[in-house]
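Protein chains in written order, with our numbering: chain A, 3 to 299; chain B, 9 to 253.
Bear in mind the hints are in silico, worked out from the structure with no lab data behind them.
Backbone N, C-alpha and C fix where the C-beta goes; we use that ideal spot for every residue, glycine too.
Be aware that one or more of the hints could be misleading.
Some chain A residues close to chain B (C-beta under 8 Å, calculated; not the full set) [unchecked claim]:
hint, residue
1, Arg4
2, Arg7
3, Phe8
4, Phe11
5, Ser204
6, Glu205
7, Ile208
8, Met209
9, Leu211
10, Val212
11, Gly213
12, Ala214
13, Ser215
14, Phe218
For reference, the chains in residue letters:
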Amino acid sequence: MRFFRFIGFAVVRAWQGFWRNAMMSLATTATVVLMLVLLSGLMIVLGGLDSGLRFIESRVAVTARLVDDLTAEQIDVLVAETRAQPGVESVDYVSPEAALERLRQFYADLGLTLNFGGANITLYGSVEVGLTTPSASGSVAAFLEERAEVVRITTRQGDYDKLVGIIDTIRLAGLAAIGLVGLTVLFMIVNTIRIAVYARASEIEIMRLVGASDAFIRWPFILEGILCGLIGAGVTLLLVAFIWDPIQPVMVGVFQMPTAVTVDFLTTLSGVVLGVGLGVGALGSWISVRSNLAASA
Amino acid sequence: MTQAAAAAPSGSPPGRPVIEMVDLGMTYPNGKVALSDVTVRIPAGDFVFLVGPSGAGKSTFIRLVVREQVPTSGWVAVEGRDLSRLRRSQVPAIRRRIGVVFQDFRLLPSKTVFENVAFALEVTGASGAEIRRRVPRLLSLVGLQEHAQHLPNQLSGGEQQRVAIARALVHAPAILIADEPTGNLDPVTSWEILQLLIQINAMGTTVLMATHNQEIVNAMRRRVLALERGMLVRDESSAVYERQY
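Just need the whole structure built from these sequences, with the hints factored in.
Structure, rendered in structure tokens:
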């Protein structure tokens, strides 16, 4: 019961403290919102790019165009030996007829009709190799290039590397920006709690004299910082929920592929925003309480 | 429970020292010697005046007893516990054995009389039922039950000091330290406060009162500890205070 009384006391005092110093508390909360909006934006953009990455990974990583007139046995041997290479997940032979049908379907999907103008066109047969990891692309391509059955190799390694580069750059720049804003937020929280400590100096003095424990003196201030962080996180999640639907077409337009709109992603985003809000609030107020109340015996 | 029982100290048999200082010294980092070689033993139930001019070391004496500071030499014990050896987490328990009142009352202006006294219980984890039971008894003891819902600025100086005394007694301390409790009060009110302190002392609480009020000290004829330039220059029972400053 004593523990619950302590929790009740600390929460009520933190709430009173937040509103007693409302201007500073709300300014701090606003900086928390700014930081968390940046963080959410970064997560959404990176989520979209990661989704694009997975989209590329899910496609055929290496395609080997084959010479004409291979026998079924030669094709079977090539498929079997390719399948035995490290990093290979799947190997599919696409016959010239199947390739033509695929092209016809592609046109149909666009609402067009494939028309060669009466010419008798035969497409190449090919082997499409799926990889367990995109990094195996180089070794598999090298293996296929050595084969006499293969005319030309195409890979999506270039696209993949380019996207990975973009993601790394955005992640680095985003984290740097969030780090800078995070430091500002910490500074704001430290100062807000410092002001709160000074504003309640006489209460703290009385609390010490009548034998209040450190927990009773310190935790209301720490909870006040956590409150700034949690309110900031709540406002951020409301903003994200509000703009989520309107930004979806933009996301699809920008990334040109399905975005990461999943329940898992939203759960992770909510958890990270709440966790970072709580964490930065707790850290800032803890630093402030440590430096402003530590000297007292 | 009677009013007396509400404020009665626990765990300090009469005669046993509640405050003990041996070869106590306190030198501040700037080199100022606040106390030097002070040896004092105050038994439970005693009423002691601490006198001396400004800068004599009275405030340092009190700060050492409430463990706001630790001595640079010697030792001070409260109820047999050496305060220098206390862990930080043990300090609050010792402070609940000591009530303190000040010249400037140090009440919270935005809280009512009831809330000011209740605050001291609330911040030490007392239940609502305990607060509702104990605070009215303490207010009754100091004669302020009719003023429970008043704010401090609606009270006279003497009444504010009574609130401070009620708050100091909230944990039924063994010791009540009064630092110039009559310094801001007129003579009549000062005597009323002194009568209240005598009443509390009669219930068994040891009272240590720092004062400049020569009239009160001389009229009371109690034990007097006189400090000058950090030294204990006089420790006499039934003494008078010949103020020279």
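Each hint tested on the structure:
For Arg4 of chain A, the shortest C-beta to C-beta distance to chain B is roughly 5 Å, which falls under 8 Å, so the interface hint holds. About 5 Å separates the beta-carbon of Arg7 of chain A from the nearest beta-carbon of chain B, less than 8 Å, and the hint is met. Among the interface hints, the one on Phe8 of chain A holds; its C-beta lies about 6 Å from the nearest C-beta in chain B, closer than the 8 Å criterion. Because the smallest distance between the Cβ of Phe11 of chain A and any Cβ of chain B comes to about 6 Å, under 8 Å, the interface hint for this residue holds.
The interface hint given for Ser204 of chain A holds, since its Cβ lies 7 Å from the closest Cβ of chain B, which is under the 8 Å cut-off. At its closest, the beta carbon of Glu205 of chain A sits 6 Å from a beta carbon of chain B; the interface hint therefore holds under the 8 Å criterion. Residue-level restraint check for Ile208 of chain A holds (minimum Cβ-Cβ distance to chain B is 6 Å; threshold 8 Å). Interface restraint check for Met209 of chain A: the shortest CB-CB distance to chain B comes to about 5 Å, inside 8 Å, so the restraint holds.
For the restraint placing Leu211 of chain A at the interface with chain B, the shortest Cβ-Cβ distance is roughly 5 Å, inside the 8 Å limit, so the hint holds. At its closest, the beta carbon of Val212 of chain A sits 4 Å from a beta carbon of chain B; the interface hint therefore holds under the 8 Å criterion. Given hint, Gly213 of chain A at the interface with chain B, holds; its Cβ is 4 Å from that chain's nearest Cβ, closer than 8 Å. The criterion of a C-beta within 8 Å of any C-beta in chain B is met by Ala214 of chain A, whose closest approach is roughly 4 Å, and the hint holds.
Among the interface hints, the one on Ser215 of chain A holds; its C-beta lies about 5 Å from the nearest C-beta in chain B, closer than the 8 Å criterion. Look at Phe218 of chain A: its Cβ gets to within about 5 Å of chain B, closer than 8 Å, so that hint holds up.
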